[in-house]
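Student: Listed here are the chains, written in short residue letters.
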Amino acid sequence: MANPYEILGVAPSATQDDIRKAYRKAAKETHPDLNPGKPEAESRFKEINAAYDIIGDADKRKRYDAGEIDETGAERQPERHFYREYAEADPNMRYSRRGTTGAQSGGEADLDFDVFADLFRGRGEHGGFRMPPRDVRYALEIDFLDAVNGARKVVSMPDGKTLDIAIPAGVDDGQVLRLKGQGLPGSDGQSGDAYVQISVRPHPGFRREGADIVSELPVSLGEALNGASVRIETVDGQVDVKVPKGAKEGTKLRLRGKGALRGKSGERGDQLVEIHIVPPEGADEALAQFMAEWEKSHPQQPRRKGAT
Amino acid sequence: MIRESELIAQFTVLEHRVLMTWIEEGVIAPHSDAEGYLFDRIDETRVALACDLHYRMGLDHASLPVILSLIDQLHDTRRHLRALTNALSEQPDAVRQAIVRHMSGDEDPTQD
Chain A
3 MANPYEILGV
13 APSATQDDIR
23 KAYRKAAKET
33 HPDLNPGKPE
43 AESRFKEINA
53 AYDIIGDADK
63 RKRYDAGEID
73 ETGAERQPER
83 HFYREYAEAD
93 PNMRYSRRGT
103 TGAQSGGEAD
113 LDFDVFADLF
123 RGRGEHGGFR
133 MPPRDVRYAL
143 EIDFLDAVNG
153 ARKVVSMPDG
163 KTLDIAIPAG
173 VDDGQVLRLK
183 GQGLPGSDGQ
193 SGDAYVQISV
203 RPHPGFRREG
213 ADIVSELPVS
223 LGEALNGASV
233 RIETVDGQVD
243 VKVPKGAKEG
253 TKLRLRGKGA
263 LRGKSGERGD
273 QLVEIHIVPP
283 EGADEALAQF
293 MAEWEKSHPQ
303 QPRRKGAT
Chain B
936 MIRESELIAQ
946 FTVLEHRVLM
956 TWIEEGVIAP
966 HSDAEGYLFD
976 RIDETRVALA
986 CDLHYRMGLD
996 HASLPVILSL
1006 IDQLHDTRRH
1016 LRALTNALSE
1026 QPDAVRQAIV
1036 RHMSGDEDPT
1046 QD
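Protein chains in written order, with my numbering: chain A, 3 to 310; chain B, 936 to 1047.
The hints are simulated quantities; they were obtained by calculation from the structure and are not laboratory data.
Computed from a prediction, not measured in an experiment: that's the story for all the values here.
Wrong hints could be hidden among the right ones.
[As the list claims (entries may be wrong)] Facing chain B, according to a computed beta carbon distance under 10 angstroms, are these residues of chain A, among others: (1) Phe47; (2) Asn94; (3) Met95; (4) Ser98; (5) Arg99; (6) Arg139.
[What the hints assert, rightly or not] What follows is a set of in silico ranges between Cβ atoms, one per label pair, in the way DEER data are often shown: (7) B/Ser940 <-> A/Lys62: 42 to 52 angstroms; (8) A/Ala171 <-> B/Ala1033: 44 to 54 angstroms; (9) A/Asp145 <-> B/Glu950: 29 to 39 angstroms.
Beta carbons: idealized from backbone N, C-alpha and C, even for Gly.
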């Protein structure tokens, strides 16, 4: 049905008066009884009346102009969106009945979905879909001390799977651990393996050099000159070490068996403690003068080649 | 995102206390910030659906969570189905045709 304004031949901005005049004129011209020889008059007359029903009445015209009713006077539904447009593709899966952990997959199929599980186990009516067990690869970061001492870890991986990992003592950065049977199941019930590549986080106080662990020990000048007993950290607790009298910058103390496991031999490497001499803090005038005086009788040539 | 007041204004049949009950029951799960609830498109359309079910179709309060839960499970299934079909679309033609044959009832156990 056409636009009522067009049917009556008036502009949308016409006054009610203009519209009434246009209607009366059109009604006279098309009334079937005033035009007995024109068969088309009837449908035209009905059209004009329907149009005037809408825009001839000021209230209805207002509603039509506002889009609330259409040209037949019927209520027009406002633009409406439906839940289904948003539900399936929701990246947050806020209303998913699978719980909140589904969110990370962002709409990807979760292999836990029961129908898929049946698919992989070949329980379909027709002997099913055969799938071999598959291996999976992961990367895992662990702490320095866990790498040296070994640890048992139960970890949730990003794909939702949980791994039970026995981290062997002495594992190296970059080493790949094979976890038998912790991969994906095949339709025969066997599971593949999980391969976990280990990366070891650095430790502020220890450094790994093969099977040895290196640490630094800052000592005062006095401690170095006179020797001292100092408590230090090792990878498995604290020990007291003796700073030898006359220890120099870079002198290494060796603590046997305090390093990391050496391969499969069951033997451990050593911890090497590097002495680092720290001069007194602050400028001490008394010490400076003493040293100047003392150096006169104890000449030192630190920049001579080969000098320590 | 719109606020409670705008939502209530949009849905003239919806009483405020009904909306609060729906939120408490988890029927609608809007975001929150310091000033109150925030409804985004998915929440608005879900409210519209709940209003249609309750006010237009006469579904009682107790049944509303049940029906919505079923609809949500339906969407979960559709999502998985879509993922599966996406995965299938990357398979060679022969595989896809075998699947289509299987699904239209032309099962031939010798074909695999």
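Student: Could you run down the list of hints and mark each one as holding or not?
Tutor: Taking the hints in turn, this is what the structure says about them:
| no. | hint | in the structure |
| --- | --- | --- |
| 1 | Phe47 | 39 angstroms, violated |
| 2 | Asn94 | 8 angstroms, holds |
| 3 | Met95 | 8 angstroms, holds |
| 4 | Ser98 | 5 angstroms, holds |
| 5 | Arg99 | 5 angstroms, holds |
| 6 | Arg139 | 20 angstroms, violated |
| 7 | B/Ser940 <-> A/Lys62: 42 to 52 angstroms | 31 angstroms, violated |
| 8 | A/Ala171 <-> B/Ala1033: 44 to 54 angstroms | 51 angstroms, holds |
| 9 | A/Asp145 <-> B/Glu950: 29 to 39 angstroms | 56 angstroms, violated |
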